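A.B. asks: If you want the building blocks of each chain, they are given just below.
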Amino acid sequence: MSHRPPAWVLAIVAAVYVFLHAPLLVLVVFSFNESKYSVEWTGFTLHWYQRLLERHDIVDGLVRSVAVGLSSTALSTVFGTLMALALARHRFRGRSFVEALLYVPIVTPEIVVGISLLILYVLLGWPLGLTSITIAHVAFNISFVTVVVHARLQGMDGSLEEAAMILGADEITAFWRVTVPQLWPGILSGAMLAFTMSFDDYVITSFVSGTGSQTLPIVVYTMVRKNIEPSINAISTIVLVVTTVMLIVSDRLSRDKPLSAD
Amino acid sequence: MSGGPSVRQRVLGWFHERPTATAWALLAPGGLFLLVFFVAPLVIMFGYSFMERGLYGGVEAGFTLEHYAAFFQPLYLTILLRTVVMAVSTTLICLALGYPVAYTIARAGRFKNALLFLVILPFWTSFLVRTFAMIFLMRDSGLINSLLVKAGLVEEGITMLYTPFAVMAGLVYGFLPFMILPIYSSLEKLDLTLLEAAEILGAPPRARFFRVVLPLSMPGVVAGSLLVFIPALGSFLSSDLLGGAKQILVGNLIQNQFTSARNWPFGSAASFVMMVLVVIAVGIYLRVRDADEAREA
Amino acid sequence: MAESVVEFVNVNKTFGDFRAVRGISFHIEKGEFFSILGPSGCGKTTTLRLIAGFEHPDEDGGQVRLHGDVVNKKRPYERQLAMVFQSYALFPHLTVEKNIAFGLEMRGTPKAEIPGRVREAMDMVRLDATNFARRLPAQLSGGQRQRVALARALVLRPSILLLDEPLGALDLKLRKEMQLELKTLNRELGTTFIYVTHDQEEALTMSDRIAVMSEARIAQLGTPAQIYECPRTPFVAKFIGESNFFEGKATGRSGDCWRVEGSGGAFDVPAENGVTQGADVIVAVRPEWLDVCAPDAVPAGENAIAGTVRDVIYLGETLHVLVDLPGERTVTVAVRNEGQLARPLAWKKGDRAAVAWKPEDCQVLELGDA
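Residue numbers (our numbering), protein chains in the order written: chain F, 1 to 262; chain R, 1 to 297; chain C, 1 to 370.
Same shape as in the complex, but just chain F (with noise of 0.2 Å):
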């Protein structure tokens, strides 16, 4: 391209890469760190990791936060996989009122979402506990599933599930061999976004856990509270990675299979 951004520019655009990276950076690199309260460099270790493994509340926060994790990834996969489905394949009555459902978990904020659940719980006398949390995930993750899917779809040649059909399959066939070959890197980044904002969550999931159903970052914002320590660098990084493994692998997924023969 040929008009460079002017230097002040790229200066912001520097800068803004140095803060949003940096602190992060920082974090890492302190995890190693062998000195508990310094900001100095005293020298490497994996003291802080090992420190993690012997803490039961982390390990067991890990645990709750991978099966919640997965199972409401799992059930909003489907749910948002189904409906986006319907809203890109489906001409039907009352198409804006879905579309206007889909939206609203995603214009609320967290805190409305984590009070409003905890108020239903309690008023059906519901205990609060792993299946309060999932219930809770699920219903913010659907529309997100939805919408990466229903992109997905409608990136997606229409004529591909005519043509298989009409080449002899029908609708239960074309979309086993057609449609989901071609839409499983969407429900996979769906998948993917799901699973980590559920496993990220603290708001919502702060409201609706009850004593003995801590998920990891419940666990961590409580070390954060108490004191800071370096084995929260050391867990911090350990988010991080996974973090970041998924988003390559989602990333990957959908740059290399091509939506359409063009």
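Just so you know, the hints here were simulated from the structure itself, not pulled from any lab data. One should not assume that every hint holds.
Simulated crosslink set (DSSO-like; lysine-lysine; CA at most 27 Å straight-line) [to be verified]:
| # | chain 1 | residue 1 | chain 2 | residue 2 |
| --- | --- | --- | --- | --- |
| 1 | C | K249 | C | K238 |
| 2 | F | K226 | R | K246 |
| 3 | R | K150 | F | K36 |
| 4 | R | K112 | R | K189 |
| 5 | C | K348 | C | K358 |
| 6 | C | K238 | C | K74 |
Derived CB-CB ranges, DEER-like [unchecked claim]:
| # | chain 1 | residue 1 | chain 2 | residue 2 | range |
| --- | --- | --- | --- | --- | --- |
| 7 | C | P115 | F | V180 | 21 to 29 Å |
| 8 | F | A100 | R | P19 | 14 to 22 Å |
| 9 | R | L214 | C | V9 | 34 to 42 Å |
| 10 | R | R18 | C | A225 | 45 to 53 Å |
Treat the numbers as computed from the prediction; the structure is a model and nothing was measured. We put the beta carbon where it would ideally sit given N, CA and C, even for glycine.
Keeping the supplied structure of chain F fixed, place chains R and C upon it in accordance with the hints.
C.D. replies: Frame of chain F, contents of chains R and C only:
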């Protein structure tokens, strides 16, 4: 085809003749889930905001407007005003920082994907972890202060944490990618021959930007602003961890009513005031978007 | 009468308030190359999709018949058809050979038979199997994709092949080449081709018969010569080739001709086509059937209207002489190019000239259709 249609064919035929039923069958699981676990709770919460306060949390039957009235006392109005000012300034700062970034990425040629990836990465990263990263840097004995002292710029650490500045920095840090990505995608779609057309018509760089690029990227600007404004409005983690108890926002107020203060109806009313602001923001967004779509059609 | 493989009986199709197809009836004979021609939005694609089974006629919206059976409600996969899509619709995740084999698998062809059939189909469309069989659609050029799409349809040995603007995305040279190949395949295989296009030249080149559609109806159905030489309505006359129009009122009959008086002058038209005394008449005359001559040298028995030469346009094969006539109208006369360097045309801008034509060369059109 002998022996009449199979069960499978009959089922497919039934759905085929009822397209609306087919669509609703696909929509039902997710749609019902959203109605029960998203919409219904909001409706119940709305109802709660008119009820009497229960003694140990919860509500008592009754109808009252006192919680809304209470919210409009100076004490709470200050909090509301502070929250709105905070959300608006976060949005503006994100816009000022994010637009140049989006613009640069859109014309970064072979670096485009790498630069984009570096914006998406924090977008996917835990907000809590990122807030902690800010604490780690900004606390009194944190890295910034220790570097400043070592460089001899200050004698003892300056206080950054637990100030409005820290909250603001945390919010901008948290939501900047939400601003960059939509602006980038609208700039990406921009037809570059339009710029050449403007140039050949005699427009200098400044005019090309303000008369062509900026108007055409407005959908991205508006979408990005909405995506920053809404979570900034509802934020309580940043003010909680970075602002200490000093910078109470509506988010903290609501959280408080459901935890220590145990005033659920008041918390519900505050939530609804927040939702009203969200609806206004979404309304503005939709108006701009529709006007834009109408222009394109 | 030849066997009719597709038949429409008064078919209607409505989408919401939009009537895409209104009461159309026609039949297509076995082995025919049948084109459905019209501008975008005329209902031609909907007509094809009604045959394919992607759309179904309205309730009480007539009948669609395939091989004599009413198939109004049959699904596409129950119709044993083949189709080439405008976008080709090749499955991006399958190689060329798997794309071609897809239909055979779906229709339960024995596994052992499939590789041979795929090879045969690739030969038929002149795609080198050793080179292309294992490629993905994304690794092919536009022309190659087109051939794969065709092979995927032909491998089924369909009795009816539907083609939805299949050549639209190709460049001109390749398009001409494929037109000939399609025509040859149609002859050799005996397959009925039903071809949707908005390109009138393409339709004239390939078709045995053409249905011209306009505003959800069939404006005219006939052989290319019938359509071109005897357009029934002003729409058909304008849409296919170029036409000059002359209007007036029938004032009197003399022998085989009616006299028509218009604002620009009087002319004779053939007495068929139900012209009556005092009726409004509009006729179309093709540019190549008009002559331009000096106003005082009009051949005997020809209609002539005098005017002024506006411009002469060089087109290569022909020259177009544009003549301004009274009533602010300009007509186009096509003149064969006999070499402008050796024997230049005598007409130039500003000359007084008359356009002339034989009464039998004008086609009286039906009114009430723009």
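A.B. asks: Compare the structure with each hint and give your call.
C.D. replies: Hints, verified against the model:
1. C:K249 with C:K238: holds (21 Å)
2. F:K226 with R:K246: holds (18 Å)
3. R:K150 with F:K36: The given pair, whose Cα atoms are some 19 Å apart, holds under the 27 Å limit.
4. R:K112 with R:K189: holds (14 Å)
5. C:K348 with C:K358: holds (24 Å)
6. C:K238 with C:K74: Judged against 27 Å, a Cα distance of about 37 Å means the pair is violated.
7. C:P115 with F:V180: 21 to 29 Å: About 26 Å separates the Cβ atoms of C:P115 and F:V180, which means 21 to 29 Å holds.
8. F:A100 with R:P19: 14 to 22 Å: holds (21 Å)
9. R:L214 with C:V9: 34 to 42 Å: violated (59 Å)
10. R:R18 with C:A225: 45 to 53 Å: This hint holds: roughly 48 Å between Cβ atoms.
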